[in-house]
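Asker: Could you put the whole structure together from the sequences, leaning on the hints where they help?
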Amino acid sequence: MKTVIRNTTVADKLLFLFMITASLAGIFISRAAMPQGGEVVVEINGKKAYAFALDEDRIFAVPGPCGDTVIEIKNKKARVKEAHCPNRLCEKQGWISKGVIVCLPNRIVVSVGGRSANSSKEVDAITG
Amino acid sequence: MQLQDKYRIAVLSAYALALHGIENLVPTPIPWLRLGLANIVTLVALVLFGFRTAMMVTMIRVILASLFTGTFLGPSFVMSFGGGLTSTAAMGLTYRMSRGLFGPIGLSLVGAFFHNMAQLVLAYILFIQRIEAMYIITPVIVLLGTLTGVANGAVSGLLIKKLLKKEDDRIQNDIANERQSQ
Amino acid sequence: MKTRIQALLYVLFLILFFSCGKAKPSIYKKTKPLMDTVVSITVVAGSAEEADKAIEKAFSVIRQFGDRINFFSDKSELSAINKNAGITPVRVSAETMGVIERAIFISEKSGGAFDPTIGPEIRMWDFYKKIRPEDAAIKKNLPLVNFRDIIIDHDKSTVFLKRKGMMLDLGGIAKGYAADLALAGLRQDKIAAGIVAAAGDIRAFGLKPDGTLWNIGIKNPRQKSEADELIAKARLTNKAISTSGDYERYFIENGRRFHHILDPKTGYPAGQCRSVTVISDSGVFADGFSTAVFVSGPEKGMELVREAGVDAVIIDKDGGIHTTPGIKGMVTFEDSH
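Chains as they are written, first to last, in the working numbering: chain A, 1 to 128; chain B, 129 to 310; chain C, 311 to 647.
Since the hints were derived computationally from the structure, they do not count as laboratory data.
Straight-line distance between alpha carbons at most 30 Å, and here's what the computed DSBU-like set of lysine-lysine pairs gives:
1. 77(A) x 339(C)
2. 47(A) x 385(C)
3. 48(A) x 367(C)
4. 76(A) x 98(A)
5. 385(C) x 474(C)
6. 534(C) x 81(A)
7. 534(C) x 92(A)
8. 339(C) x 76(A)
9. 74(A) x 47(A)
10. 340(C) x 92(A)
On a predicted model such as this, the values are computed, not experimentally measured, just so you know.
Answerer: Here you go:
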């Protein structure tokens, strides 16, 4: 052990300290900057209209043929809070943390998740 | 290249290959935590026998190891080839540019850092292609690399000392023998 | 010696350079509202641009077909046929002809359990507004429901409905056929693997980039929470899978469930099953037979499935699960079932 310490130069020690601080700082910064990486994307008529981070709470309205559809993002989940379409299926779907909510009369697709995350456990499509 | 050099490279490569193999046998708690034991041999070769020897030893180790495991020219070979090449080059350059400034530990840290960075870039190109994931993983890998780098550097330092002392003793002996024979 | 090693390394680099030049294929997915439902297309492609081009082309194939057979649009070929019922044959496109001929084939095979002339009956129901037609009205329209009264002239490519008031409704088969058309388009665009999902009518082909089969979830007809959304998972490729269920469009009145799959013989919702999933080689058969089997019920349905040479998972009205032998190894049921 003694020889190891005697072998170490001042530059070695400084480099070591620098690397440790920089990487620890990097870990904290990257964690804070993107804790989830999740995204809420709203498409109207098949075109991407809005994209928001899933970890920022907000409420916003999207215009459509049946009036404004109110979408809420809260606690890393999203829902259609208010819709004025005839059957309000999208409202009934409630909170989702992944997948899509579709409002056909308003032609609005709200999808939650990163880019096509595909692990073997997840399903690629659902029938029924 | 002299016969002695070839012999030396062969022996060092064998050591490096053995460490490379042992490392694959040791289970690690985190999948991407590699001890980088073979870097000890590269570092010792660099300090004692120069840059060219160190580079040759690294290349031979990487290529032979991939041939043994049947991954030659595959993605994992590209990863270790790129990592080995970059880290050896970085250590060699640092050693030459700042002679005496860094000891084995500092050099090992430089090597570990560049090894990891090269592998991260290659992993991004070959597998992941998600820059968000890279942001998260890079500091973690650099931190782990720093810790293993210090350990490897310390071992390399001890080895270099021992080998130098042995060499010194041998020369002293030779001189003494010569004197006696005269 | 030195130069030889340098040359060797150089060659090695060249090999590496070229062997890694091609981008690794990944999965791309897009969702669009089409044909009054949600269509998702997934492809395995080398780049986002390549995927986007193929997917958009497939979407436009589906949109075009959907416009031709739209029950509610005045401009569709289907409404032209319906308006001219009892009057004159109507010339139609090859796609419309194709889906009608297959609808008749499935009607014949199932002895009328599936019938595309269900239009006059289904038109009277509104499952969103919970409107149930009068019993007398249902009875009155029943004679108009008979697939044998569809007259096809294949050479002239015309379709004629014999009686005035008859109406074709291809809702029970069109999405499966749309998936077939879109998949053919993707193949033409040199896409080697992917999924076309027109709502629950799915066709999968090729393998995922990691060399595994596609995972298709089968919906639980009596879902209670987010956790039990699926009743089973199917691992397959180069197959079509479709489900007909009583939970898609329905209302409950006095404890009775009224859903959108009508029995052509009675004009009322078929009551013997909760859901039927059919796995076949083509989307149009999976879609059509899932409806036919649903109406036929578990026993007759099993016979029908065996004759047609397709595989099925039938969940009867009490929640009992019936499967064909071919399902084993392809479908795994979730733990609670």
